[in-house]
Every structure is written in C-alpha cells, then in structure tokens.
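Assemble the whole structure, with the sequences as input and the hints as a guide.
Here the protein sequences come in this chain order: A and B. Just so you know, we're using our numbering here: the first sequence kicks off at 1 and counts up by one. Just so you know, we're using our numbering here: the second sequence kicks off at 1 and counts up by one.
Simulated from the structure, these hints should not be mistaken for lab results. Fair warning: this is a prediction, and the values are worked out from it, not measured in the lab. Certain hints may be false.
[As the list claims (entries may be wrong)] With a straight-line cut-off of 27 Å between C-alpha atoms, the simulated BS3-like cross-links for lysine-lysine are:
id, chain 1, residue 1, chain 2, residue 2
1, A, Lys57, B, Lys37
2, A, Lys57, B, Lys109
3, A, Lys65, B, Lys57
[Said to hold, decoys possible] Not close to chain B: a few residues of chain A, all C-beta gaps over 10 Å, as computed:
id, residue
4, Ala2
5, Leu11
6, Lys17
7, Asn26
8, Lys65
9, Lys71
10, Ser80
11, Asn84
[To be verified] Ranges between beta-carbon positions, derived for each pair:
id, chain 1, residue 1, chain 2, residue 2, range
12, B, Lys57, A, Thr15, 44 to 52 Å
13, A, Asn7, B, Arg105, 27 to 35 Å
14, A, Glu70, B, Lys58, 34 to 42 Å
15, A, Ala2, B, Ser12, 44 to 52 Å
16, B, Glu56, A, Ala2, 46 to 54 Å
Positions of the beta carbon are idealized from the N, C-alpha and C atoms, including for glycine.
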Amino acid sequence: EAQVTQNPRYLITVTGKKLTVTCSQNMNHEYMSWYRQDPGLGLRQIYYSMNVEVTDKGDVPEGYKVSRKEKRNFPLILESPSPNQTSLYFCASSLYPAGGINEQFFGPGTRLTVL
Amino acid sequence: GENVEQHPSTLSVQEGDSAVIKCTYSDSASNYFPWYKQELGKRPQLIIDIRSNVGEKKDQRIAVTLNKTAKHFSLHITETQPEDSAVYFCAAIYNNDMRFGAGTRLTVKP
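Encoded structure:
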C-alpha cells in the first residue's frame, strides 16, 4: 500500500530534550516536506527536500533540523524543544517538487507536546 | 514570499445548500492552487486543484474557480451532504514554496 508513515504518533516530552520524528514514504517520491498545524494558522511549512541531500527552509524553520540521506526517509529533529513547538506535525511527499504541480500525500500526523 | 488568506474561517450550511470558500494570494507568479479537505483527526487530502492557465475546474459536486487578475480563487460545493463537514484548506504554490490558508471549518447540518 502506497503511504507516508510517521512515528511516533503522539509524544509528550520536556523542554530541552532532543527528539526525532521519523517520516518514511514508499512511493519513490522525490519531494518531501514537514508542516506544523496550529489552530487558526493552518499548515505552515517547516522544511522541504527536493531530493536526497537537498533540503531547504520553509516558512517556519527556527528550532528544527532535517536530513535527507535516503530518498524514502525525511526525519524532523528538534535539538532543544520548547513549549512553543507544541503542535500537530505532518510529513508529506509528492512525486515532484510542489511547484511541479503534484498532489502531496500526507502522513497521519504526530501530536507533540513540550512541557 | 507568498501569503494566502482564506475566508470565512467557519461556515455552516443546511444539507443540500451550496458552500463557497474564498482565498486570495499575494504572489502573481503562483501557478498552482490545490484544495485539501481534513476530516476530524485525519490527515489533509487533496480534493481538487487548478493551474494558473485554467479559469475553472469541476469534479462532480465540487468546483474551483481562479481569477488571476484579482489573485483569488474559490471552492464551490453544491448539494452539500453531512459528510462534507470538515476543515478545508486552500494553498498557493510558487516554485517550491507552498503556503496554506488558515482553513475553513464547514459544518453541514442534516
């Protein structure tokens, strides 16, 4: 089954404790991205990757890191989480970069709470 | 960068009525405008999209219109049904910069 998976789905952590949210897709998509969803703000892009070893900042990259060492995986890293990073996070992928006019497939979401 | 505004933030209609959600964008170079539907507790899913060289696109009960001059695009849902209740997001894309609107919570009352 073609899909985007994220882990964990739910995470409660404390300020300053490094964490990683994994994202994996099995559709051989080139483009992957991370979004955070907050009430009243919609979906905001954090980082995106156009291919292996190619990443770039989105709208709200501060406090986050990403890597793209393999085509299928695009982990989101919070080196020192803070309470303002409490949010619902979505990973997404598409065959081509977003500007190439292609449907983005979203993962199931990760609800992160930073105390 | 691109800025997308979406209105209204909430919309309540009676089953069978039509619903219209409007979005405006700021970057005239934006060339692709998708609409996503997010049901409660679920992930966003693409329902319809339109390219900048097309003025209107229809898929059964949903349609999207684009006015490039005015830089706005709209989602139209006809003969609404309770299962249309969800949050709808518009988006505009310029290069690889994808910006979403804040979302519209649509409630269809039976």
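Here's how the hints hold up against the structure:
Restraint check: the Cα-Cα separation between Lys57 (chain A) and Lys37 (chain B) comes to about 25 Å, which is no more than 27 Å; the hinted pair holds. The straight-line distance between the Cα atoms of Lys57 (chain A) and Lys109 (chain B) is roughly 41 Å, outside the 27 Å bound, and the hint therefore fails. With a C-alpha separation of about 38 Å, the suggested pair Lys65 (chain A) and Lys57 (chain B) falls outside the 27 Å cut-off, and the hint is violated. Listed as a non-interface residue, Ala2 (chain A) keeps its Cβ farther than 10 Å from every Cβ of chain B; the least gap is roughly 13 Å.
Taking the minimum C-beta to C-beta distance to chain B, about 17 Å, the non-interface status of Leu11 (chain A) holds against the 10 Å cut. Distance to chain B confirms Lys17 (chain A) as a non-interface residue, since its nearest Cβ pair spans about 27 Å, more than 10 Å. Listed as outside the interface, Asn26 (chain A) is consistent with that label: its C-beta sits roughly 16 Å from the nearest C-beta of chain B, beyond the 10 Å cut-off. Distance to chain B confirms Lys65 (chain A) as a non-interface residue, since its nearest Cβ pair spans about 19 Å, more than 10 Å.
No Cβ of chain B comes within 10 Å of the Cβ of Lys71 (chain A); the nearest lies about 17 Å off, and the non-interface call holds. No beta-carbon of chain B comes within 10 Å of the beta-carbon of Ser80 (chain A); the shortest separation is about 26 Å. Distance to chain B confirms Asn84 (chain A) as a non-interface residue, since its nearest Cβ pair spans about 18 Å, more than 10 Å. Look at Lys57 (chain B) against Thr15 (chain A): about 47 Å separates their beta carbons, and that is inside 44 to 52 Å.
Roughly 28 Å separates the CB atoms of Asn7 (chain A) and Arg105 (chain B), a value that falls within the hinted 27 to 35 Å. A hinted range of 34 to 42 Å holds for the C-beta pair Glu70 (chain A) and Lys58 (chain B), which are about 40 Å apart. Between Ala2 (chain A) and Ser12 (chain B), the C-beta spacing of about 35 Å breaks the proposed range 44 to 52 Å. Checking the proposed 46 to 54 Å range against Glu56 (chain B) and Ala2 (chain A) shows it is violated: the Cβ atoms sit about 30 Å from each other.
Checked against the numbered hints given earlier, this structure breaks hints 2, 3, 15 and 16; the rest are met.
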